[in-house]
Amino acid sequence: MAGYKPVAIQTYPVLGEKITQDTLYWRNYRTPVQIKEFGAVSKVHFSPQPPYNYAVTASSRIHIYGRYSQEPIKTFSRFKDTAYCATFRQDGQLLVAGSEDGVVQLFDISGRAPLRQFEGHTKAVHTVDFTADKYHVVSGADDYTVKLWDIPNSKEILTFKEHSDYVRCGCASKLNPDLFVTGSYDHTVKMFDARTNKNVLCVEHGQPVESVLLFPSGGLLVSSGGRYIKVWDMLKGGQLLVSLKNHHKTVTCLCLSSSGQRLLSGSLDRKVKVYSTTSYKVVHSFDYTASILSLALSHEDETIVVGMTNGILSVKHRKSESKKESLPRKRPAYRTFIKGKIYMKQQDDIMINRPAKKHLEWYDRDLKSFRISKALDRVLEPNCVIKTPEVTVSIIKELNRRGVLANALAGRDEKEITRVLNFLIRNLSQPRFAPVLIRAAEIIIDIYLPVIGQSPIVDKKFIVLQGLVEKEIDYQRELLETLGMMDMLFATMTRNNSAPVAEHVPTELPEEEMTETPCQPADADKSS
Numbered sequence: 001m002a003g004y005k006p007v008a009i010q011t012y013p014v015l016g017e018k019i020t021q022d023t024l025y026w027r028n029y030r031t032p033v034q035i036k037e038f039g040a041v042s043k044v045h046f047s048p049q050p051p052y053n054y055a056v057t058a059s060s061r062i063h064i065y066g067r068y069s070q071e072p073i074k075t076f077s078r079f080k081d082t083a084y085c086a087t088f089r090q091d092g093q094l095l096v097a098g099s100e101d102g103v104v105q106l107f108d109i110s111g112r113a114p115l116r117q118f119e120g121h122t123k124a125v126h127t128v129d130f131t132a133d134k135y136h137v138v139s140g141a142d143d144y145t146v147k148l149w150d151i152p153n154s155k156e157i158l159t160f161k162e163h164s165d166y167v168r169c170g171c172a173s174k175l176n177p178d179l180f181v182t183g184s185y186d187h188t189v190k191m192f193d194a195r196t197n198k199n200v201l202c203v204e205h206g207q208p209v210e211s212v213l214l215f216p217s218g219g220l221l222v223s224s225g226g227r228y229i230k231v232w233d234m235l236k237g238g239q240l241l242v243s244l245k246n247h248h249k250t251v252t253c254l255c256l257s258s259s260g261q262r263l264l265s266g267s268l269d270r271k272v273k274v275y276s277t278t279s280y281k282v283v284h285s286f287d288y289t290a291s292i293l294s295l296a297l298s299h300e301d302e303t304i305v306v307g308m309t310n311g312i313l314s315v316k317h318r319k320s321e322s323k324k325e326s327l328p329r330k331r332p333a334y335r336t337f338i339k340g341k342i343y344m345k346q347q348d349d350i351m352i353n354r355p356a357k358k359h360l361e362w363y364d365r366d367l368k369s370f371r372i373s374k375a376l377d378r379v380l381e382p383n384c385v386i387k388t389p390e391v392t393v394s395i396i397k398e399l400n401r402r403g404v405l406a407n408a409l410a411g412r413d414e415k416e417i418t419r420v421l422n423f424l425i426r427n428l429s430q431p432r433f434a435p436v437l438i439r440a441a442e443i444i445i446d447i448y449l450p451v452i453g454q455s456p457i458v459d460k461k462f463i464v465l466q467g468l469v470e471k472e473i474d475y476q477r478e479l480l481e482t483l484g485m486m487d488m489l490f491a492t493m494t495r496n497n498s499a500p501v502a503e504h505v506p507t508e509l510p511e512e513e514m515t516e517t518p519c520q521p522a523d524a525d526k527s528s
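Numbering (full-length UniProt numbering), first residue to last: 1 to 528.
Worth flagging that the hints you see were computed from the coordinates, not collected in a lab. Just so you know, not all the hints are guaranteed correct.
Unchecked claim - Cβ-Cβ distance ranges computed for the label pairs, FRET-style: (1) Asp413 x Glu442: 16 to 26 Å; (2) Ile19 x Pro51: 29 to 39 Å; (3) Ala8 x Pro50: 56 to 66 Å; (4) Pro6 x Glu442: 25 to 35 Å; (5) Lys249 x Lys281: 14 to 24 Å; (6) Glu472 x Thr11: 22 to 32 Å; (7) Glu442 x Gly260: 52 to 62 Å; (8) Glu481 x Val33: 50 to 60 Å; (9) Asn28 x Gly453: 52 to 62 Å; (10) Lys18 x Thr75: 39 to 49 Å; (11) Tyr12 x Gly411: 27 to 37 Å.
Where a beta carbon is used, it is the ideal one built from N, C-alpha and C, also for glycine.
Turn these sequences into a full structure, and let the hints guide you.
Here it is as structure tokens:
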């Protein structure tokens, strides 16, 4: 047994992810900090001014968090029902929010009681924002109306009744205090001008609009609804520039990076995607554990905050670029470690190397002791199956080579055989593992066929495995048909390329004969 040779783990080529500058930039965040809120987080908004605190709207409360705090530094709870869309003013001193009872409330960050209450909506107010002059508030509600409020006088200035369904999103222009945009469940996005008392632009999104976003320049408008994100050119009368469909479920929120060169979108499919605003291609993606309702980026993209439907607030902070200063080592310790390593071999010296001791893996120890079932159990652990499936496949291949794979798979209970079937279902369709796992699947079917019907869990796994095999067979059949069509095309192209050459050869022969025949009398004359 001293000459046991460890199992050679076969390496397989895997397509690596293309590393770009965006990948390095957006991966440079620490492990997310998760904060539990009282309800679904419907809105997250950063203060535009230092220290860049952010407001979180969840249930009937608004919490103000510091950039690095995990507990709220201030709470606004003067709401009779659910609060919506807490938004900071440009100077960071005031905060406005809507509510389920139709009241728009204005708060001072340094106080707790509302400074102003704007009453006029008859249903829930889902979107509020400050205009560019800081003295007016725009609100949209489920009563199909959009209202403009004056802060100093606490009065309603204008009411727009041009939507035919719930108004769920909106934003004000950062350049013009009279322009603001709203999106509605009537599939339209409308731009209003306070000077004309009506909408000046209307675009059809095609889906209930969940979020709208104006670029800082005011020339581009982004709308999201359904699975679509659409970019409109406002300077060309609302011309559609691009329509994106990269999410699998409804896109609920939009956000711009600090530079304005990247657009972020969050969706119910639990993903945040980052787009380039020049090519509108996905340059990076984040995965989360629940459906996403809100998204916000802090100044210089230092912090990314995501609110989810399960009430979890995920906060990621950018890693600091400052390098830690290494502690100076003591010189005696340094000399001790390099002692003898810099010695140069002389001519008459004999070099003796101490062989490095090799430690066997646990599955190799089991195989060395002929514990084949135990070795297979070790490589079927979740950590090994998910991270290094090639190790599991190599052990199955080695057991099959030894002729003991059937013995290792036999005699398993419901839990153990389910673990084996899960691994087969997960990896059987991969071409690099298929030759080994197909043989394992055949052995499992032969062993456990007599007991089919005794466990509904195992029966369900066998049905899934059967569907996977049938799907793979159909896929292989389609590939063979495609290969046959390609061979036919290549054969036709080869025949067409060789045909002109074949036609060109006989045409030269008569010319040669014609050039040779006149020469014969001349030669005859010369001979005569």
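Each hint, compared with the structure:
Look at Asp413 against Glu442: about 21 Å separates their beta carbons, and that is inside 16 to 26 Å. A hinted range of 29 to 39 Å for the beta carbons of Ile19 and Pro51 is consistent with their spacing of about 34 Å. Between Ala8 and Pro50 the beta carbons are some 59 Å apart, a value that agrees with the proposed interval 56 to 66 Å. Distance hint for Pro6 and Glu442: a CB-CB separation of about 27 Å, consistent with the stated range 25 to 35 Å.
At roughly 20 Å, the beta carbons of Lys249 and Lys281 sit within the given window of 14 to 24 Å. Roughly 24 Å separates the CB atoms of Glu472 and Thr11, a value that falls within the hinted 22 to 32 Å. At about 58 Å, the beta-carbon gap between Glu442 and Gly260 stays in the expected band of 52 to 62 Å. The hinted range of 50 to 60 Å is satisfied by Glu481 and Val33, whose Cβ atoms lie roughly 53 Å apart.
The hinted range of 52 to 62 Å is satisfied by Asn28 and Gly453, whose Cβ atoms lie roughly 54 Å apart. For the pair Lys18 and Thr75, the supplied restraint of 39 to 49 Å holds, since their beta-carbon distance comes to about 45 Å. With their beta carbons about 31 Å apart, Tyr12 and Gly411 fall inside the hinted range of 27 to 37 Å.
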